[in-house]
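UniProt numbering puts the first residue of the sequence shown at 1, with every later residue one more than the last.
If you're looking for bench data, these hints aren't it; they were derived computationally from the structure. Don't take each hint at face value.
Under the rule of at most 27 Å between Cα atoms (straight-line distance), these lysine-lysine pairs were calculated in the DSS-like manner [what the hints assert, rightly or not]:
hint, residue 1, residue 2
1, K499, K608
2, K36, K515
3, K598, K499
4, K36, K608
5, K515, K499
6, K608, K598
7, K598, K36
8, K515, K451
9, K608, K515
10, K36, K155
Predicted, not measured: the structure shown is a model, and the values here were computed from it.
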Amino acid sequence: MTGRAIAWSALALAACATLSLGLWALDRDGRAEAVKNAFELTRARVAVADARVSGALGEVSQVLRSVEDYLRVLDLPQRLGQEDQLFIASRAADQEITREMIVVSSAGEIIGHSGMAVPPVINVSDRDYFRNFADRRPERPLFVGRPITSRTTGKWVIPVARGIYTEAGFFAGVVAAAVTPTDLLRILPDAGTAGGTAVLVREDGIVLAREPSNEDYVGRDASDAPLFTRYLPAAPEGSFATVSPLDQRERLVSYEYDPEWGTVTLVSVGRPEVLATHDDMTGAYLMIGGMGNALIVLLFAMVYRQTTRRRRAVDALVESRAALARLNEELEARVVERTLDLQHSEARSRAFMDAAHDAVIVTDQDDNILEFNPAAMQVFGYSDWQVARLRFSDLVPDYDPGRPEDAVARHADGHLFPAECWAGELAGDAEAGSMVFIIRDISRRKRAEAKLVELATTDGLTGALNRRAFMERTTEAHALARRHGRPFSLAMIDADHFKAINDTHGHEAGDAVLKALVAAIGGELRETDALGRLGGEEFAAMLPETDHAGAAVVAERVRLAVSETQVPYADTVVTFTVSLGVATADAETVETLEGIMKRADDALYAAKSQGRNRVMTARPRQETAV
Numbered sequence: 001m002t003g004r005a006i007a008w009s010a011l012a013l014a015a016c017a018t019l020s021l022g023l024w025a026l027d028r029d030g031r032a033e034a035v036k037n038a039f040e041l042t043r044a045r046v047a048v049a050d051a052r053v054s055g056a057l058g059e060v061s062q063v064l065r066s067v068e069d070y071l072r073v074l075d076l077p078q079r080l081g082q083e084d085q086l087f088i089a090s091r092a093a094d095q096e097i098t099r100e101m102i103v104v105s106s107a108g109e110i111i112g113h114s115g116m117a118v119p120p121v122i123n124v125s126d127r128d129y130f131r132n133f134a135d136r137r138p139e140r141p142l143f144v145g146r147p148i149t150s151r152t153t154g155k156w157v158i159p160v161a162r163g164i165y166t167e168a169g170f171f172a173g174v175v176a177a178a179v180t181p182t183d184l185l186r187i188l189p190d191a192g193t194a195g196g197t198a199v200l201v202r203e204d205g206i207v208l209a210r211e212p213s214n215e216d217y218v219g220r221d222a223s224d225a226p227l228f229t230r231y232l233p234a235a236p237e238g239s240f241a242t243v244s245p246l247d248q249r250e251r252l253v254s255y256e257y258d259p260e261w262g263t264v265t266l267v268s269v270g271r272p273e274v275l276a277t278h279d280d281m282t283g284a285y286l287m288i289g290g291m292g293n294a295l296i297v298l299l300f301a302m303v304y305r306q307t308t309r310r311r312r313a314v315d316a317l318v319e320s321r322a323a324l325a326r327l328n329e330e331l332e333a334r335v336v337e338r339t340l341d342l343q344h345s346e347a348r349s350r351a352f353m354d355a356a357h358d359a360v361i362v363t364d365q366d367d368n369i370l371e372f373n374p375a376a377m378q379v380f381g382y383s384d385w386q387v388a389r390l391r392f393s394d395l396v397p398d399y400d401p402g403r404p405e406d407a408v409a410r411h412a413d414g415h416l417f418p419a420e421c422w423a424g425e426l427a428g429d430a431e432a433g434s435m436v437f438i439i440r441d442i443s444r445r446k447r448a449e450a451k452l453v454e455l456a457t458t459d460g461l462t463g464a465l466n467r468r469a470f471m472e473r474t475t476e477a478h479a480l481a482r483r484h485g486r487p488f489s490l491a492m493i494d495a496d497h498f499k500a501i502n503d504t505h506g507h508e509a510g511d512a513v514l515k516a517l518v519a520a521i522g523g524e525l526r527e528t529d530a531l532g533r534l535g536g537e538e539f540a541a542m543l544p545e546t547d548h549a550g551a552a553v554v555a556e557r558v559r560l561a562v563s564e565t566q567v568p569y570a571d572t573v574v575t576f577t578v579s580l581g582v583a584t585a586d587a588e589t590v591e592t593l594e595g596i597m598k599r600a601d602d603a604l605y606a607a608k609s610q611g612r613n614r615v616m617t618a619r620p621r622q623e624t625a626v
């Protein structure tokens, strides 16, 4: 081989090496970019998941705190009364993820249960959620226990507890709520991509819940995993690649530690699944490299032959009301029965009427008032001589005997008030057709019932509809829209960086921000729209009779209104933003409410992933009604 042939061969080998190295670098950079994007997705999803978990545990803590305060006033008796049981049951019902609530004495005996009128005779002093408060008074008021099998229901639950201490600081007992792993799964985001997971663990490594659901993992100790041995001690949040100790798969993991509740939220995707889409590119690079190198060799051979023949040089290379009603009815029935039994006794009227706490009025057949007891004077504001010229219909106009509990009475000053009015005929009385009326002012009860309705349907902090009331109203509106072929839209709303506001300014500032956020959103909605708090800093707006373009306009107005809102707190002013995801079911589209909410939620995640403080709209489905 001549020197010229050796030189051209060296140039051909150099060109092939350059092409191969270039393709290898492109493949390497593509894989690195895919891993980087996967980490960014898991960081965005774990931030949302941690905020949801923190919000849910915060709400459970508030409910447990209210029960704790209530029981401290009672001085925690050996057994709770019926009213106390009803109170615990009503507080347990306020939380969608709370399945049962128990009150435990300092000896570990269950003395109150939200779902049982008579608490079971069970001792739980061996449970870790009891020992956590009995052995010492911990700094953290809320304790999330290990997953256990409930001794009252026999089901797999996660106890969430608060200790009860006397004013002197002595341990008095525990109030605990049972949360099922399935309930926690509804808080965690969907697994998303193939091989994706969302996991909630305690700070000691005990697994509480995992999405996709697998009960084999619940309660497992993962404290020897790299998260707890290496990463969490170094930083409260971060990302890393590892082999999962649960399913032994390569995963890209982002985590966030919440010191307030002692929990760690993890979101991961499978590394093989992340790189699977890039494997096709790798094959393409290999094919390009092989063909390119063959072409290079061919070109150099051709050039070499030409240069050999002609001796010329050339260059070449390419992501409780029913129970109270029954008690009242029984009481009123006893009062009426007692009144009729005493009607023939000379002392019946005055003795009974003077002692009665309810207003008692006796009338003749012409509706003229014959007797008027002291309680009636208080209820109606009239004296004896004033009522002598009045008729019963002046006091209780439009009385309907068939609806005694819905009467409306008139006070002496002219104002109307709600009352219960029970009537009975004085059989055998000298005045034929005489009637006795027993009237009770139920203004206070009506206000209490209205307050209970408000508490049952609205969020206590912000005034927005709670999750249950919002879903009921939204389900009705969606069904009406489908029945009449009208457009229907939903907007999922999430406060950006809300955890940072709590961490920086405190939870009181966070509460003020949530109130201001609801006020700003409400100012942009119509009376027919509905705003609900789904949990934590996550809200949803229901927009009936609103098409895709209209919903996007409303969402943008909401975003601008919130971004311009300022919340003075302490010596600073807190500002904040929201991200919104909007989805619309058009008049011709057949889609379930869950499908619309899922598309809106996905759009919200997209808004979060693309930088927050923005509106993302989901493309309408193209499935038309038949």
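Inset, instruction - Hints the structure violates: just list their numbers, smallest first. - result: 2, 10
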